[in-house]
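If you read the sequences in order, they're chains P and X.
Oh and the first sequence: position 64 is 64 in this note's numbering, straight run, nothing missing.
Throughout, this note's numbering is defined as the position within the second sequence, counted from one, plus 265.
Hints are computed from structural coordinates only; laboratory data are not their basis.
Careful, some of the hints might be misleading.
As the list claims (entries may be wrong) - DSS-like cross-link-like pairs, simulated, lysine-lysine; straight-line CA separation at most 27 Å:
| id | chain 1 | residue 1 | chain 2 | residue 2 |
| --- | --- | --- | --- | --- |
| 1 | P | 178 | X | 412 |
| 2 | P | 25 | X | 443 |
| 3 | P | 25 | P | 147 |
| 4 | X | 459 | X | 443 |
| 5 | X | 412 | P | 161 |
| 6 | P | 194 | P | 178 |
| 7 | P | 161 | X | 290 |
As the list claims (entries may be wrong) - Facing chain P, a subset of chain X residues (Cβ under 10 Å, in silico):
| id | residue |
| --- | --- |
| 8 | 356 |
| 9 | 362 |
| 10 | 417 |
Claimed, not checked - Derived CB-CB ranges, DEER-like:
| id | chain 1 | residue 1 | chain 2 | residue 2 | range |
| --- | --- | --- | --- | --- | --- |
| 11 | P | 182 | X | 306 | 41 to 47 Å |
| 12 | P | 28 | X | 329 | 32 to 38 Å |
| 13 | P | 222 | X | 306 | 55 to 61 Å |
| 14 | X | 373 | P | 18 | 24 to 30 Å |
| 15 | X | 408 | P | 182 | 19 to 25 Å |
| 16 | X | 474 | P | 242 | 55 to 61 Å |
If you're wondering where the values come from, they're calculated on a predicted model, not measured in any experiment.
We treat Cβ as the ideally placed atom computed from N, Cα and C, and that holds for glycine.
Given next are the chains, with one letter for each unit.
Number of protein chains: 2
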Amino acid sequence: MKLTLVKVGGAIVENADSLHLLLDKFARIDGYKVLVHGGGRSATRIAEQLGLPQQMIAGRRVTDAETLRVVTMVYAGLVNKDIVAELQARDINALGLTGADMNVIQSHRRAPKNVRMADGSMQLVDYGFVGDIDRVNADLLADLIAKGVVPVVCPIGHDAKGSLLNTNADTIAAEVAKALAAVFDVTLVFCFEKRGVLRDADDDNSVISTITQAEFPALVEQGIVSGGMLPKLENAFDAIRAGVHEVIITRADAIDESDAGTRLC
Amino acid sequence: MKLTLVKVGGAIVENADSLHLLLDKFARIDGYKVLVHGGGRSATRIAEQLGLPQQMIAGRRVTDAETLRVVTMVYAGLVNKDIVAELQARDINALGLTGADMNVIQSHRRAPKNVRMADGSMQLVDYGFVGDIDRVNADLLADLIAKGVVPVVCPIGHDAKGSLLNTNADTIAAEVAKALAAVFDVTLVFCFEKRGVLRDADDDNSVISTITQAEFPALVEQGIVSGGMLPKLENAFDAIRAGVHEVIITRADAIDESDAGTRLC
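All chains should be modelled from the sequences, with the hints used to inform the complete structure.
What follows is the structure, encoded as structure tokens:
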């Protein structure tokens with residue numbers, strides 16, 4: 001049974017036009033499906049409106065108690081429920097979830113860790129209420145999916161001790177995909193700004209159609225895969241080794257095209 | 266199969282101490298259960314922090330598009346997910362829901378209607394994105410409950426055309442209770458500030474232990490049930506006529522006591 005799990009970032013879902021286009025295309029994907037979304041820009045905007053300046057370190061949000069309240073409101077409320085209502089209007093029986101709901105994503109709070117700063121120095125950073133995932137409990141989720149429900153997951157986990165935890169959406173997508181791979185034939189789709197992994201960063205038409213695990217090290221050596229793309233592809237291949245059938249890296253407006261983007265397998 | 270559906274208002278769930286006490290007691294209720302909650306005070310506070318003054322007419326919130334965004338953030342995000350995480354910490358497998366999730370509560374936007382103002386005059390009021398319930402789809406919900414999931418429902422419905430709709434929490438509780446009565450033996454518990462329906466409004470110890478449908482008209486004639494209590498009891502007896510086994514009116518700190526409050530049957 002084929003299942004497509006699409007992960008889409010905040011830039012797409014926080015703009016009404018690009019969100020509607022995404023959901024139209026998501027609705028056209030055949031078979032079982034799951035959507036994992038971000039929402040960071042809205043969280044930053046609303047936090048600032050509420051007088052809470054946001055601090056990002058090495059691209060990650062420092063999440064104090066008040067900021068956790070804001071990301072919970074924005075991810076689990078504003079962004080998630082808007083997507084759910086819009087999918088229901090497209091006859092998709094969506095169910096919005098945090099990781100606390102049905103204990104789907106059990107996590108622990110990240111201990112302070114050494115992080116490399118922009119100037120190259122190392123600094124011990126306490127990211128606050130940020131989660132690292134221990135376990136995805138996918139049994140009830142898989143039952144619901146088999147009954148036609150489409151889970152819409154926002155990037156919040158919980159520690160089973162009463163705290164919600166702000167969690168990286170890419171990681172949630174990969175961990176949920178791995179857990180569902182026990183039941184379904186899972187394709188994990190990461191929406192990027194580019195049309196896929198490019199052989200030449202300056203040429204949008206140089207999309208590499210397929211990268212196998214065997215081919216990957218050579219692409220890294222040649223410098224074709226580097227920077228922020230490197231950990232993303234490493235995570236993708238981790239997911240494949242953990243049972244995910246394939247990972248597609250594509251643009252949000254091409255998620256319903258079976259031959260678009262870069263296929264990792 | 267006995268199911269207890271507890272409806273609790275915003276005053277209880279928006280204060281950490283009273284919320285924790287409520288959830289401790291809710292966790293102790295035997296059998297299947299559902300929680301329906303409000304959150305109006307937080308919504309008003311956050312709306313005002315965001316520079317959106319709130320307008321209440323005859324006790325109901327006028328919900329323009331921006332206010333709908335705020336109530337969605339607060340009810341479905343902040344309040345709902347805090348309750349879900351706290352219940353998970355108490356080994357209750359909670360699932361937070363709006364009416365859009367799994368299409369549980371399908372509604373339509375309320376047409377402008379004539380409302381009696383405080384000064385006795387009538388005025389045509391458009392409450393904006395406020396919902397009246399058409400249908401509760403309880404099949405998937407009943408399946409999940411039978412598997413040990415405890416739904417936590419916030420007062421938001423949807424119109425199946427992409428709009429969420431702000432909806433009265435008492436009405437949601439009654440309609441969900443009626444729909445679940447097809448499968449379960451439902452006790453509907455409304456948490457009040459008083460210990461129950463009082464024979465003497467000035468005497469907190471004058472709780473009437475039971476009111477039957479046959480006894481109700483006489484209590485209205487005698488003026489013992491009047492004011493805001495009257496429509497609440499009328500709705501309760503409606504629910505009983507629609508198949509709900511009994512309705513209990515009690516204080517939030519007594520929901521786990523089987524002989525507390527007033528029992529309507």
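Evaluation of the provided hints:
Straight-line distance between C-alpha atoms of residue 178 of chain P and residue 412 of chain X comes to about 23 Å, which keeps the hinted pair within the 27 Å bound. The suggested pairing of residue 25 of chain P with residue 443 of chain X is violated, with an alpha-carbon distance near 37 Å, which exceeds 27 Å. With a CA separation close to 21 Å, the supplied pair residue 25 of chain P and residue 147 of chain P stays within the 27 Å bound. For the given pair, residue 459 of chain X sits about 25 Å from residue 443 of chain X by alpha-carbon distance, which is consistent with the 27 Å threshold.
Between the alpha carbons of residue 412 of chain X and residue 161 of chain P the distance comes to roughly 22 Å, so the proposed pair stays at or under 27 Å and holds. With a C-alpha separation of about 25 Å, the suggested pair residue 194 of chain P and residue 178 of chain P falls inside the 27 Å cut-off, and the hint holds. For the given pair, residue 161 of chain P sits about 17 Å from residue 290 of chain X by alpha-carbon distance, which is consistent with the 27 Å threshold. Of the supplied interface hints, the one on residue 356 of chain X holds, with its beta-carbon coming within about 9 Å of a beta-carbon of chain P, less than 10 Å.
A hinted interface residue such as residue 362 of chain X counts as satisfied when its beta carbon comes closer than 10 Å to some beta carbon of chain P; here the least separation is about 8 Å, so the hint holds. The beta carbon of residue 417 of chain X comes within 9 Å of a beta carbon in chain P, closer than 10 Å, and the hint placing it at the interface holds. The hinted range of 41 to 47 Å is satisfied by residue 182 of chain P and residue 306 of chain X, whose Cβ atoms lie roughly 44 Å apart. For the pair residue 28 of chain P and residue 329 of chain X, the supplied restraint of 32 to 38 Å holds, since their beta-carbon distance comes to about 33 Å.
Take residue 222 of chain P and residue 306 of chain X: their Cβ atoms lie about 60 Å apart, and the range 55 to 61 Å holds. Taking the beta carbon of each, residue 373 of chain X and residue 18 of chain P are about 28 Å apart, inside 24 to 30 Å as hinted. At about 21 Å, the beta-carbon gap between residue 408 of chain X and residue 182 of chain P stays in the expected band of 19 to 25 Å. Between residue 474 of chain X and residue 242 of chain P, the C-beta spacing of about 59 Å keeps the proposed range 55 to 61 Å intact.
This entry does not satisfy hint 2, going by the numbered hints stated previously; all others are met.
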